[in-house]
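S.K.: Protein chains in written order, with the working numbering: chain B, 1 to 306; chain F, 1 to 280.
Don't read these hints as lab results, they were simulated from the structure. Heads up, some of the hints might be wrong.
What the hints assert, rightly or not - The list that follows gives simulated cross-link-like pairs (lysine-lysine, BS3-like), each with its CA atoms no further than 30 Å apart:
hint	chain 1	residue 1	chain 2	residue 2
1	B	Lys73	B	Lys270
2	F	Lys106	F	Lys166
3	B	Lys163	B	Lys73
4	B	Lys301	B	Lys163
5	F	Lys106	B	Lys298
6	F	Lys57	F	Lys166
7	B	Lys298	F	Lys166
8	B	Lys263	B	Lys75
9	B	Lys301	F	Lys166
10	B	Lys163	B	Lys270
11	B	Lys270	B	Lys75
12	F	Lys106	B	Lys301
None of the values given here were measured: they were computed from a predicted structure.
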Amino acid sequence: MKAPTNAPQTSPKRLSQGAFAWLLIAPAMLFIATIVAWPLAETLRLSFTDTRIGPNFAYVGLENYQDLADSRKFKQTVWRTFYWMFLSVGLKLVLGLIGATLLNAAIPGRALFRILVLPPWVIPIAIGMIGWLWLYNGAFGLLSGVMQYVGIVDKSFEFLAYKQSAFYSAVVADVWVGVPMVTLFFLAAMQGVSRDLYEAAWVDGASRWYRFRRITIPQIMPVIVSMSLLSAIFTFNSFEIIWILTEGGPRSATTTMIIDSYKTAFSSRKFGEGAARTIVIVCLLGIFSVAYIWLLNKVSKHYGTK
Amino acid sequence: MMDRYSIWQIIGIYAAMAAFLIFLLLPFFEMFMASLRPLEHLFRSPYQFWSDDFSFKAYQDMWNTVPLLGRYILNSIFISTAVTMITLIFVIPASYAYARLDFPFKNISLSIFLGVNMFTGAVLLIPLYRVMATMGILNTYWAMIVPGVAFLIPTGIWLLRSYLEKIPVELEEAAFVDGASRLYTLRRVVLPLALPGLIVVSIAVFIGAYAQQFLFAITFNQTREYQPLPAGLFEFIGYQSVTWNEMMAAALTGVLPVMVIFLFLQKYLIAGLTAGAVKE
C-alpha cells in the first residue's frame, strides 16, 4: 500500500514539503534516538568491555563474544529460545485461527464471546501471571487438584518444579497472553473477506471446510504472516511472563536469551557480558525480521493483494 | 441459507467456544476462588474445590494490609493515560507526514521507527537506567512514562498512518485553495476526520502501556507512592506471611475499572485495531 503522493501544490513562499515533513517527524525521531538509539549504542560499547559494578573497566575487544561462541550453555539457550518462539507462535496462530473462526460464526451470543476474549490481553501481564502462578501450584492450585481428582496423578504435581513441565507451562502462559490479540486481528481480517466469494462457492456446492481452506485462508494470508512476525517478536522478547513464573529456572529450563542477558547483567552484575548477549539478540532479531519482511512481500504478491 | 448450521454444528461450535473461553478465563476464575478463601484454608491440602467458608473478607482487609492500594490502582491508570497522551503528541504529526507527504529518506526513516518495535525495554535496561539517571528522572512518574512512550511511538505511527491514508486528500486540497496553512489544515481538517482512528490508536497505546508497566516500575522507580498496581501488588508478600487471598482480591479489583472502560470501547477496538493489518 503506497501513500497517495498527489499532495497539494505549494507556493514557493511556503515551507518546502520535505522540510515540513521532517519538522513533523523530528520530535518523534529525537525522542526515540534518546531513549532507544543512544542506549543501544551504549550497549554496543559496553559489550566490548569487562564492566562490572564500580567505575573501573577495560576494553577487552571481542572477548565477550568469543566466550559466548565457545559456551555450550549459550548455544543451548539460543536453541531453547527459538524452540520457545516457534512453539509458542505456532500455538498462538492455530488457536487464534480457531478462535476467530468461532467468533465469526453467525450464532447467538457472539457479541458477548468477543468481549470475553479480551481480558488476558488488556490486563497487566504481571497480574495475569499471578493467576497462572496459583494455577500451577501443586498443593493449592486448581490444575493439580483436578488432575488428582481425575486420577492422572496420584499426588500433587508442582508444574513449575520440573524442567520439562516448567518449560511447557511457561509456553502455555505465553500463548494465553498472546492469543486474544491474534484472534481479534484474524477475526477482523475474516470480516473483511467479500461475501460474494463465499456465496459463489456455496452455490457451487463447496463445503464449509473447503470454503475455509480455499477462500478464508488465502484471503487473510497477509494478516496471518504479519501477525506471525509480530507475535514472533513479542514472544522472543517476552520477559515478564518467564521472570514471574520461574525466573528462568528450574536449572535454566526456561532461560531464554532475554532472561539470560538480564540475569548476566543484573543478577551477576556482569554488565559487559550482558551487553554482548543483548547485541547478539539485536542481530538475531534483525536478521529474522529482514527474512520475514521478505517473506511477507512474497506472500502479498502471491495472493495478489495491493 | 449459507449461514444455517445443523443442530450438531451448533453444538460443536458452542462446545469449542466454551473450551476456548475456559482456557482464556481460567486464571481469573482461579484468582477469584483464591480471593474468596480465608487465608488459613488457602493452603489446605488435599485440594478442595469448594470451601464452605467462602467470604468477601479479603476485599475489605486488603485496604488495610496495603494502605496505598487505592493509590497504586490510580497510578496504573494515570501512568498509562499520560503515556497515551504524550505518545499521541509525537505520533500525530509524524504519521501525517508518512501518510501524506513526500520527502527524502521517507522509507528508511519509517523502517527505523518500525525497527524499534523489535526491542522491548528488557534488552536495554542497563543503558536506559543510565539515561534516566542522567536526565534526573529516576524514582519519578517520568521514569515509567518516558520509556513507555518511546517503545509505543512506532506502533502508534504504524496504526495512525494507515488511517490517515484513507481520508480523501481532496478535503485538504480545498483548504489549501482557500489559503489555509499546512498546520491549520492538519489541525482543523485532518484531525477531526481522523477521530475514529485516533480513538483506536489511543486504545492500542493505552493497552500497551497498561500491560507492560511492571518492568520499568521495578527497575526505575523506588518511590512507593508512585508504583503502579502490578508492582504494588508485591507488597502483599510481607515479612511474616503472604496474604495471597488479599493479593488476588486486590489484583481483580485493580483491573476492574479498566475492564469496565474496555467493555464500552470494545466495538472500536475490534473494528479499529485492524486498520493497520487489513489492507483494502
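S.K.: All the hints need checking, so say for each whether the structure fits it.
M.R.: Hints and how they fare:
1. This hinted pair checks out: Lys73(B) and Lys270(B) have alpha carbons roughly 17 Å apart, not beyond 30 Å.
2. Restraint check for Lys106(F) and Lys166(F): satisfied, since their Cα atoms lie roughly 19 Å apart, inside the 30 Å limit.
3. Taking the CA atoms of Lys163(B) and Lys73(B), the gap is about 15 Å. The hint holds against a cut of 30 Å.
4. In summary, the hint linking Lys301(B) to Lys163(B) is not supported, as the alpha carbons are separated by about 43 Å, beyond the 30 Å threshold.
5. Annotation: proposed proximity of Lys106(F) to Lys298(B) holds, straight-line Cα distance about 22 Å (limit 30 Å).
6. Between Lys57(F) and Lys166(F) the alpha-carbon distance is near 53 Å, which puts this suggested pair outside the 30 Å criterion.
7. A distance of roughly 25 Å separates the Cα atoms of Lys298(B) and Lys166(F); the hinted pair therefore holds under the 30 Å criterion.
8. Pair hint Lys263(B) plus Lys75(B) holds up; C-alpha atoms about 16 Å apart against a cutoff of 30 Å.
9. For the given pair, Lys301(B) sits about 22 Å from Lys166(F) by alpha-carbon distance, which is consistent with the 30 Å threshold.
10. The straight-line distance between the Cα atoms of Lys163(B) and Lys270(B) is roughly 26 Å, inside the 30 Å bound, and the hint therefore holds.
11. Note on Lys270(B) and Lys75(B): the hinted pairing holds, with a Cα-Cα distance of about 19 Å set against a maximum of 30 Å.
12. Simply put, Lys106(F) and Lys301(B) have alpha-carbon atoms about 23 Å apart, close enough for the 30 Å limit, and the pair holds.
Hint compliance for this structure: hints 4 and 6 are broken, all remaining hints hold.
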